[in-house]
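Trainee: The primary structure of each chain is shown beneath.
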Amino acid sequence: MNRLSRLSRLSRLIRYTIKFSAIITFGVLFFIIVYILVRGIPYLKPSLFALEYTTENVSLLPAIITTIIMTVLALLISAPIGIFTGFYLVEYARSGNKLVEIIRITTETLSGIPSIVYGLFGLLFFVTALGWSFSIIAGAFTLAIMILPLIIRSTEEALLTVPNLLREASYGLGAGKLRTIFRIVLPSAMPGILAGIILSIGRIVGETAALIYTAGTVAKIPENLFASGRTLAIHMYVLSSEGLYTNQAYATAVVLLIVVIGINALSTTISKKLTKGNIDG
Amino acid sequence: MDKIKIENLNLYYNDFQALKNINMSTQQNKITAFIGPSGCGKSTLLKTLNRMNDLVEGCRITGKVLLDNEDIYGNIDVNMLRKRVGMVFQKPNPFPMSIYDNVAYGPRTHGIRSKRKLDEIVERSLRLGAIWDEVKDNLNKNALQLSGGQQQRICIARALAVNPEVLLMDEPTSALDPISTLKIEEVIQTLKKDYTIVIVTHNMQQATRVSDKTAFFLLGELIEYEDTEILFSTPKDQRTEDYITGRFG
Ligand SMILES: Nc1ncnc2c1ncn2[C@@H]1O[C@H](COP(=O)(O)OP(=O)(O)OP(=O)(O)O)[C@@H](O)[C@H]1O
Ligand SMILES: [Mg+2]
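Taken in order, these protein sequences are the chains called L and S.
Those letters in the first sequence? Residues 1 to 281, by my numbering.
Those letters in the second sequence? Residues 1 to 249, by my numbering.
These are calculated hints, taken from the structure and not from any lab test.
Zero decoy hints are in this set.
Under the rule of at most 25 Å between Cα atoms (straight-line distance), these lysine-lysine pairs were calculated in the PhoX-like manner:
hint, chain 1, residue 1, chain 2, residue 2
1, L, Lys272, S, Lys141
2, S, Lys117, S, Lys193
3, S, Lys141, L, Lys273
4, S, Lys236, S, Lys5
5, S, Lys91, S, Lys183
6, L, Lys220, L, Lys45
7, S, Lys193, S, Lys183
8, S, Lys20, S, Lys64
9, S, Lys91, L, Lys177
One chain only, chain L, in its complex shape (with noise of 0.2 Å):
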């Protein structure tokens, strides 16, 4: 047998691997899917979207509230902070700053700690040393300190790809920084850093172990933020757990499903119009 021929049956041999592979990923992806909407969607009833909960309709639209409040207090604290922290790295830091090794080191470390870390954390300072108890802002702030690293990340690497040239071009006409960065780096950058913030909404609305100790699973809607709350994936998790209403827990996967989906399909439509859009100086 010659070498061309045993070259072009290694290739071949290659090409089925990747898209058996291929297959695969995709055929979990889907059979996942699949099967959550099949077990699902029969149970999807009007009683499961109740204002008021009850052991009979466990209803989970106190839970879908409870996830947005949840979701836009921990952005609004968090979001802020990181996007400040991100263009202090990356435009007024100088390199070898200690300050900056500082912070590097601190979000390398924070995006590494499991989520049930966190929860403990929120346990032992905002309900017990600040004295919150289990309560819907005691669990935003530990969701948003969950989350500032991968806001900080999104945005120092969105900065970072804003090419240098455009900075010297808008200080070469005479314009100062602020307007540099307003005008110019902010507009370029604004899609990774709201794909940032949309990867946050994705872990915040699929988070459990960081809330469960800090939230509490209480399943009415929160009446203020000193009140317990649990969130969908908290109130899907408590669901099966229980065991009764495991159909009804499938029905609020297929919720879930589709609120994780919503936010992709958001997070890209955004994204487009941003970097399509022009810029008026």
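Put chain S with the ligands on the given structure of chain L with help from the hints.
Mentor: Chain S with the ligands in isolation, oriented as in the chain L frame:
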């Protein structure tokens, strides 16, 4: 009168001395070319003229650069300096926005808001950049959709829109095709009557075609500075001769 006068200029990137005791001056409405082998400090010297080196960490300067007899490293407003001394870069770098907004960015920076005024400036600048006829029907098109040569002329128009007195150009045609290069050289010639121009180039034909005076640099030193014709026909320094006859660099 000297438009720009450089006196005993030394420049260091941290420990590395990139410019060594430069003394030279350029006249109003003249085109000066900087030539020399790669790494000899042409871009560095150009960037000291509008203080773009301020952006480089670890860059230190001694000596003076006088613009109309005023030391630009003294107590002056850097943004105003850069308005007076505009810059065109080696690689075309239009902003990712419309052609109109690109050109209007500078005037808006300096406080011009009136739409009529801006329209006027944009048209005049694009005409000066010899790009008006090609883009006048799509001023709202994103500048990044243009060809490299067109982008560079937009960048020239953008620099001219703030009405500078001096225009610095760092190898403005090195990334372009021969036809775009010729167009830009024509633009440079027409600009001469209103602006003082300093152009860095690797291309000696270009230096002879466009410039009045030429400065030859080697390893951070100014070797020879003469009328372009004289420098290329009867160089005084052996190293200049070696360079322009292609014996090194
Ligand atoms: N930001 C910087 N930090 C440190 N050294 C630098 C920096 N910029 C330039 N240099 C060094 O200074 C010297 C002059 O660089 P410069 O870019 O001015 O050369 P040039 O003549 O423009 O070369 P070219 O023709 O390749 O553009 C080079 O040795 C270069 O390595
Ligand atoms: Mg250079």
